[in-house]
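Per this note's numbering, residue 93 is the first one in the sequence shown, and the count goes up by one each step.
Everything labelled a hint here was simulated from the structure, so no lab data went into it. All of these numbers come straight from a predicted model, not from anything done at the bench. Each hint should be verified, as a subset may be incorrect.
Stated by the list, open to error - Using C-beta positions, here's what the derived DEER-type ranges look like:
1. G858 - P1013: 37 to 43 Å
2. G789 - E833: 31 to 37 Å
3. R872 - R821: 50 to 56 Å
4. Q262 - P1013: 43 to 49 Å
5. S156 - D257: 52 to 58 Å
As the list claims (entries may be wrong) - Calculated cross-link-like contacts (lysine to aspartate or glutamate; reagent style DMTMM-like; alpha-carbon spacing at most 20 Å):
6. K762 - E581
7. K263 - D276
8. K349 - D362
9. K250 - D115
10. K144 - D276
11. K762 - D929
Every residue gets a Cβ at the ideal spot worked out from N, C-alpha and C, and that includes glycine.
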Amino acid sequence: MQQTSSDRHEYPAHWEADVVLRDGGTARVRPITVDDADRLVSFYEQVSDESKYYRFFAPYPRLSAKDVHRFTHHDFVDRVGLAATVGGEFIATVRYDRISADGRPASAPADEAEVAFLVQDAHQGRGVASALLEHIAAVARERGIRRFAAEVLPANNKMIKVFTDAGYTQKRSFEDGVVRLEFDLEPTDRSLAVQRAREQRAEARSVRRLLVPGSVAVVGVGRTPGGVGRSVLDNIRDAGFTGDLYAVNKAFPEGQKELDGVPAHRSVRDIEGHVDLAVVAVPVEHVPQVVTECGEHGVQGLVVVTAGYAESGPEGRERQRELVRHARTYGMRIIGPNAFGVINTAADVRLNASLAPEMPRPGRIGLFAQSGAIGIALLSRLHRRGGGVTGVTGVSTFVSSGNRADVSGNDVLQYWYDDPDTDVALMYLESIGNPRKFTRLARRTAAAKPLVVVQGAGSAPQGHAVRATRLPHATVSALLRQAGVIRVETITELVDTGLLLARQPLPGGARVAILGNSESLGLLTYDACLSEGLRPLAPLDLTTAATATDFHRALSEALADKACDAVVVTAIPAVGEGPAEDAALAEALRSAAETVPGKPVLVVHVELGGLAAALSAATSTAPRAVSRREDSQRSEDRPPSAVQAPEGVGLIPAYPAAERAVRALAEAVKYAQWRRESVDPGRVPEYEDIDEKGAAGLIGGLLARGQGLTLGVDETCELLGMYGVDVHRALPAPTPDAAAEAARTLGYPVALKATAPHLRHRADLGGVRLDLADEDQLRRAYAELGELFGRPEELRPVVQRMAPRGVDTVVRAVIDPAAGAVLSFGLAGAASQLLGDTAHRLIPVTDREAGSLIRSIRTAPLLFGWRGSTPVDTPALEELLLRVSRLVDDHPEVVAVTLEPVVVAAHGLSVLGASVRLAPPPVRDDLGPRTLPTY
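Work out the full structure: start from the sequences and follow the hints.
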């Protein structure tokens, strides 16, 4: 859209956004322009007299021509209007007018504005005004407005609640029969918390509309068996879907009323009842028409299994973007396109709107996969009962998102977070389009239920307009682990770990008891435990003559031992054993495990398919699954955790190899430790000697020189010094005489270093001379470097005062446009560079996280007295990490910091080299208003 030439600013297209509303539907937020006069009049005619009275404080039946002109002509600076639209029509409006201190119209530098809303009565209660407030506040901040004022009639409780619930710092007064609210627009911790809570509820409900529909239409059903549409229809019907099901195909004969017992229609428009979900399986060229028909009929969401979109090339990418834009116009969300489908096994839903020919067993594991092939593999492995990891632990919901054009893993996480039917979430992610948001959601979800992820190294799905992370794959994985995500490498490990977490309690520690009837298998399990960092107890060999009674007694004793946190049972078959013996052993293990239910038990079996199946058999004491309908009838004050016990508790997972069982147990141990530590994540300490204001002034002055720059030595030292980080001065030494003068200035002993790029931080190449006690030694060292490496201008030698001996380390911080600010730590040299032994944490770092950061690298023992060496001053190192974290968190213009080397001695540390880069900070989209990705 365009504005007239008289307007002060061009149309701000970047203010356009799609938002998810409280009920899960979507709306489009965009600036109001001169072209919207007819829409505004039509919108106003549909608003009740009461709502008009609340808006204008007087009867106001219609808008005058002057009103329409005023409300559609904006300069996008001092006067701004936004509209929420569905189907291209207004459902709500908001505007602000900049005012002076005495309430008159004003321009900058006035930083206050009056704000007013109007929401159509039919759309009140959907959270439209709250979403518009977030967006108009972001627009106002962009235009230099720092405070909103609103006058509301006392009886207009809904609008007063919109303002008071937003979480901004506000002031309230009452004068002349009007409530006046004034509030600052700077985001606060409370406003962000409110915004994110609303985001979670809205996105969860938008996914629920797709997974718990009351009615489904399959569009593109073939008239004869076979084909994608017909297969999906058959799968929905055969699964026993509890809602209404419709078959749609424009090629059906005029008089056809049903297809295999399913009501048949030529168009979605012809269906008399309401349709919640449409599965679209028509040729790609017919999809736009189907979307229009669905939108006009009020369909809430789409599962598009049709292919031919972004996966097919540039034309397909544009078709995909238009598909999303088209669907959102009508408030619909999309799974797909090119999707495998969705499944919900809840007893009161039983939806199999997918290409999976069989409905998986009901259970409490949620599955998400972008790839249909991976989704099939996951469902198949969970469904199998014999050969490998087996079990009756089933699926609660399954989503295969295909091209992931709209609904993503983030949306499904929002749904699973408070879904009472899901205890464990398993995700196969080919990419993470928004690492910052995913990490935030994952941390919150993992605090409530396990989240196990296989993360591919692929790029974002074709057609996605998302920021790409510059961080290495390993760094992103480390950050996910910090957020409580259980990161595994393969689908096999995903299922192995998921089944353990779904069936068994979390271990209280890493001490593992091993018992069984095979000494060799016990030793293999023992070695596997050591390799995974667990603390195995000596294996107990029951011998091959052990009976079920012997296993029961040994397991009961192991579980009762306070020195044991988990038990791995190993079993091999005896000659002549059959199904009866397998069942007896399984029952013996189950009954023993029930004596101490707080400790996990795993079984490693060799060629005992019958035992695996017997262990997985449901018992009469297994908890009954509670349906969604029953759950909705619970009283609101009952905590969900007290209502539903995890499905399958008491069932013992069985593994065909010791390594698989132990790897799954190791992941459970690490996750349990994270859960315990996450209760008290620590704090970000305050340091009285930090000069935040001075640093801001210095940074502002430096950035005034250009868009981005690497600071010089003096500027680097000055900025770091304001945060209590002292850098040892290194004086240039272009000649031997200059080197001697520098040494006299610094004081002996000194070090002579070559700082040329190919020699910097490479002591192994011989470009460093240490402990030079006097001028003679310094001049000899200078001559040696020249003979080895060339002229001084090639070496760039510097002189630096010697620091106390210690362990050389590296501290780095970087701001990634997608993941955010990241702090990294490792030892200097080959350990970090060659082996990738570097640990990472998201900024801001707490005191506990700083301690865990230095302990999480594999070479950490070198800091703590390895092989008799002197332990170094790790508290000083932790403080340095916290100060660097504070610097980057306080000043996002500091986009990169490197301290190398940092020599950590027995007492104190020395920062011998430092570099800082400044640039305008990346836009923090996680601090702005709620939006869906825009295509």
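Honestly, which of those hints from before does the structure not fit?
Hints 3, 4, 5, 10 contradicted; others consistent.
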